[in-house]
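Novice: Next come the chains, spelled out residue by residue.
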Amino acid sequence: MKKSAAFALVTALLLGSAQAQEKVTLTVAAFPSLDSAIKAIMPAWTKLHPNVTINLQAQQFADHHNAMTTALATGQGLPDVMAIEVGYVGKFAEGQGLEDLNKAPYSAAQYKKLLTGFTVAQATSADGRFIAMPTDIGPGTFFYRKDVLDKAGVNPLSMQSSWESYITAGKKIKQKTGAYLVNTAASVNNIVIRTNLKPGEGIYFDKNNTLLVGPDNARFVRAFTLSKQVREAGLDAKIGEWTNEWYDAFKKGTVATQFSGAWLQGALQNWMAPDTKGLWRVQNLPEKGFASWGGSFYAIPSKAKNKQWAWEFIKFMTVNQQSQITAFEDNGAFPALLTAQKDKVFSEPVDFLGGQKARILWRDAATKTQPIDVNKYDSVAEQILQTELTNVLEQGKDIKQALADARAQIQRRAR
Amino acid sequence: MSQRLTAPPRARLSYTRLQQRFAPYVFISPFFLLFLIFGLFPLLFSLFLAFHLWSPLDGLGHWKFVGFENFTLALGAQDMFWKTLKNTLWIGLLSGIPQHLVALPLAFIIHQSLRRFQGAFSTVLFLPYITNAVAIAIVFATLYSERLGILNYLRGLIGLDPVRWLGDPSMVPYSVAAVVFWRFVGWNTVLYLSGLQAISEDVYEAATVDGANQVQKFWFITLPLLRPMMFYAFTLTIVGSMQLFEEPFMLLNDGGGSGGAGLTTAMHIFNTAFRDLDMGYASAMSWLLFLAIFVMSMLNNALFSRGGERQ
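Read top to bottom, the protein sequences are chains A and B.
Heads up, the first sequence stops at 415 in my numbering, and the numbers go up one at a time, no gaps.
Heads up, the second sequence stops at 1311 in my numbering, and the numbers go up one at a time, no gaps.
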C-alpha cells in the first residue's frame, strides 16, 4: 500500500515536471571549427536547459554556406540557428531572410556595446538591420620566424615601421639566410588594401556603393607597387596559401614572415608545424595597420521554428563569458565579447610563441581595428582585382592600366 | 433502348478497364515526374532567370526583370566570360586533340595485335574514367607540387629548373589539359575498340590478299569505316571539354589558379551563381555556353557529312 502510493506520487511528479518543461529540439547549422566550439560548450548549455536538445548539423565550410544560401532562397530546410563566416555575412545581411536583431523581442542594441566594435558593423546591413551576433574575431597580426630573423641580424621592429623597410629587411634575410620574405607577393597587396581605410570605406566600395578601385586610388596603386617590388626583388616564394608547399615552408622556415589572423597560431601549433614551437613571434602589422582576418556569427532565419530558444542559445554562445572562454581554449576562437578578452587567460604567455604574451597584443589590435563596410559585390571585385594583380606580377602589365581595367570590369558587374 | 445506350460507358469505367488503360502511364510516370522536376523545371527556370536580376538570398519572387541586360553584359568585350571561354577552348584543344590522336592508333593496335588481352586492356584503360575526380586531383596536385612534387624532382635529376605547374599562368592550361587527357584517353580508346569490332573481318582479309600493309589497312579501311564512331567520340569530347569543371576546380580551387588561367566557363558560371549570388547573369552565361556547344557540335556535324560527300 505504501509502496504503490509512493509510486503514484513519483509518477505524478514526473508527469508534472514533463508538462512544465516542454521538450524542444533546436537545430543549429555550423561549419568547422565552430562546430567544435559548440560541442565544447554544449554540456554547460544542457546543464542549464536540460529540456532543450541541440541538434548540431555541421558541414564543410563551402557546403554549409551553399546549403544556407539555397535554404534562404526557397525558405525550406532552414535551421533555428545559422552560423555565418565573415566572408558571407555581408551578402547574407543584404538578403531578406534573416531576423533583424535590433527589433523586439531580441532588442540586441543592449548587447552591441559588449562586443568588439568592428564586428557589429560587419553584421549590419546597408539599411541598418543587425542580422547576426558576432562570436569570434580574427585580429590581423604579423607572424615571423625569430630564428630566421636572428640569423639574418634583422630587428623585427624595423620591419614594422614601414613597408619599404619591410622589403629592405627582406632583401637582407634572403641574402643572409636564403629564406623568402613572404609566401606570395599577393599577400602584401591583400594586407595593404585592407589597412588604413577611411571611415565609411570598405575594401573595394564605400558605404554609398561607390567603387574605390582604380588608377587614382593611392591605396590600390601602393598595394600593387609594393607587391611588384617584392616580386622583382625575388623575395616571395610564389606559393599559395593552404597548399602543401605552404605547410612545408612553415615547417622548414623557408619563408620568414606571414600576415594572418591570430587563429594561425592555433593552426600552426595543432597541425601545420607543431615542431616549430618556440620559433615564432608576433607583432602588429607594418605602418600601424590594423585589420580583421576572419570571424564568425550566429543568425536566426525569419522562418525558424524556435526563435525564442534560438535567441537564448545565441546569447549563451556570444555574450556568456564562460562560453566564449571555453571556445577560445577549445580551438583558439578569439572572443568577440570584450569582457571575455579581459579574462586572465589573455595575460598568460603563449608557449608556442616562445612565451610571448601575444593575446594582449591581439586584444589591442582588435580594439584598434576600424569597421570595414561590406558590399555584396566584394567577391566580384576581389576576383577581378586578383586577376589584374597576376597580370602585373606575371606579365609585367602596367599598374595604372591594370587598375583601370579592373575598375571598368568591376563597374560593369556591380549593378 | 435508353438503358442499352447508357450501359456500355458504365462498363468501360470498370476497374479492370481503367487499369488496362492507365496502368502503363502510371508505370512510366516516375521518369516523367523526375524529368519534370529535375530536368524541365530547372531548364525553364534558368531561362526565366536569364532575363532577371536575382539574388537567392532575397527569396523566391523578389526578382527584377532586366530584359537582355544579362546577355549584353556577358557579351561585352571586356567581360570575364570571353576570357573563360578562351581558357575553356584552349584547354579543350590541348586535351581533346591528343586524346584522339593517341586513342585511335592505340585501339587499332590492341584490336589487331593484342586481341588476347583486349579485356584486360579495356579494364585498365577505363579505370581513369571511373576514378573519383577528387582522388585524381589530390594525386595530380601532389605530382605537380613545385617543391615537393615528383615531376620537378625528375626534372632536377636531369639538371632542369623546376616548373610552376599550377602557379605559372602560362603553364596552368597544359597542366589541367594533361589531367583531362589522362582521364579520357582510355574512354575514347574503348569507344574506338568497340567501333573496330563492328568492322567485318572479310574486308581486312580481302585487303591482305591484295597485299595491303598495316598502315594501308588503317588508312584505307579502318578510318573510313570508323567514321560514325569518330563522329560520336568527337561530339562527346566537344561537349565534355566545353563543360569542363571538375578537374580544374579540384586542382586550382574556385578562382581557377594564378590569374584565373585555368578558370573555365563552367567554373565561372558556378562562381557567379553561388559565390557572387548573381543568378540571372549566371543563367544567361549558361545559355550562351549552350549556344556555343550547339554551334560547335553543328560544325563537327557539317565537317563529317561534307567529308562523306567527297567520298
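For the record, the hints were derived by calculation from the structure and aren't laboratory data.
The structure displayed is predicted, hence computed values, not measured ones.
A few of these clues could be false.
What the hints assert, rightly or not - Which stretches of chain B does chain A cover? Using the computed rule of at least three CB atoms under 8 Å from a CB of chain A, they are:
id, stretch
1, 1048 to 1061
2, 1078 to 1085
3, 1134 to 1148
4, 1247 to 1259
5, 1268 to 1278
To be verified - With a straight-line cut-off of 20 Å between C-alpha atoms, the simulated SDA-like cross-links for lysine to any residue are:
id, chain 1, residue 1, chain 2, residue 2
6, A, Lys174, B, Arg1147
7, A, Lys251, B, Glu1146
8, A, Lys251, B, Arg1147
9, A, Lys238, B, Leu1160
10, B, Lys1083, A, Gln386
11, A, Lys303, B, His1062
12, A, Lys238, B, Pro1169
13, A, Lys238, B, Pro1162
14, B, Lys1064, A, Glu94
15, B, Lys1083, A, Asn391
16, A, Lys303, B, Leu1148
17, B, Lys1083, A, Lys174
18, A, Lys238, B, Arg1147
19, A, Lys397, B, Pro1169
20, A, Lys238, B, Leu1148
Glycine is no exception: its CB is placed at the ideal position from the N, C-alpha and C atoms.
Novice: Taking the hints in turn, state whether each one holds.
Specialist: So, going through the hints one by one against the coordinates:
Judged by the Cβ-Cβ criterion of 8 Å, the stretch 1048 to 1061 of chain B is covered by chain A as claimed, because 7 of its residues qualify and three suffice. Check result for the stretch 1078 to 1085 of chain B against chain A: holds, 3 residues qualifying (beta carbon to beta carbon below 8 Å, three or more required). For the stretch 1134 to 1148 of chain B, the proposed coverage by chain A is satisfied: 6 residues have a C-beta within less than 8 Å of a C-beta in that chain, meeting the threshold of three. For the stretch 1247 to 1259 of chain B, the stated coverage by chain A holds: 3 residues have a C-beta nearer than 8 Å to a C-beta of that chain, and at least 3 were required.
Coverage of the stretch 1268 to 1278 of chain B by chain A holds [criterion: at least 3 residues with CB-CB distance below 8 Å; count 6]. Annotation: proposed proximity of Lys174 (chain A) to Arg1147 (chain B) holds, straight-line Cα distance about 18 Å (limit 20 Å). Between the alpha carbons of Lys251 (chain A) and Glu1146 (chain B) the distance comes to roughly 16 Å, so the proposed pair stays at or under 20 Å and holds. Proposed proximity of Lys251 (chain A) and Arg1147 (chain B) is supported: the alpha carbons are some 14 Å apart, at most 20 Å.
Proposed proximity of Lys238 (chain A) and Leu1160 (chain B) is supported: the alpha carbons are some 19 Å apart, at most 20 Å. Proposed proximity of Lys1083 (chain B) and Gln386 (chain A) is supported: the alpha carbons are some 15 Å apart, at most 20 Å. The suggested pairing of Lys303 (chain A) with His1062 (chain B) holds, with an alpha-carbon distance near 17 Å, which does not exceed 20 Å. Restraint check for Lys238 (chain A) and Pro1169 (chain B): satisfied, since their Cα atoms lie roughly 12 Å apart, inside the 20 Å limit.
Proposed proximity of Lys238 (chain A) and Pro1162 (chain B) is supported: the alpha carbons are some 13 Å apart, at most 20 Å. With a C-alpha separation of about 16 Å, the suggested pairing of Lys1064 (chain B) with Glu94 (chain A) holds against the 20 Å cut-off. Restraint check for Lys1083 (chain B) and Asn391 (chain A): satisfied, since their Cα atoms lie roughly 13 Å apart, inside the 20 Å limit. At roughly 50 Å between alpha-carbon atoms, Lys303 (chain A) and Leu1148 (chain B) are farther apart than 20 Å, so this suggested pair is violated.
Only pairs whose Cα atoms come within 20 Å are accepted, and Lys1083 (chain B) paired with Lys174 (chain A) is rejected, the gap being roughly 37 Å. At roughly 11 Å between alpha-carbon atoms, Lys238 (chain A) and Arg1147 (chain B) fall within 20 Å of each other, so this suggested pair holds. Pair hint Lys397 (chain A) plus Pro1169 (chain B) holds up; C-alpha atoms about 14 Å apart against a cutoff of 20 Å. Of the pairs offered as hints, the one joining Lys238 (chain A) and Leu1148 (chain B) holds, with about 14 Å between alpha carbons and a cut-off of 20 Å not exceeded.
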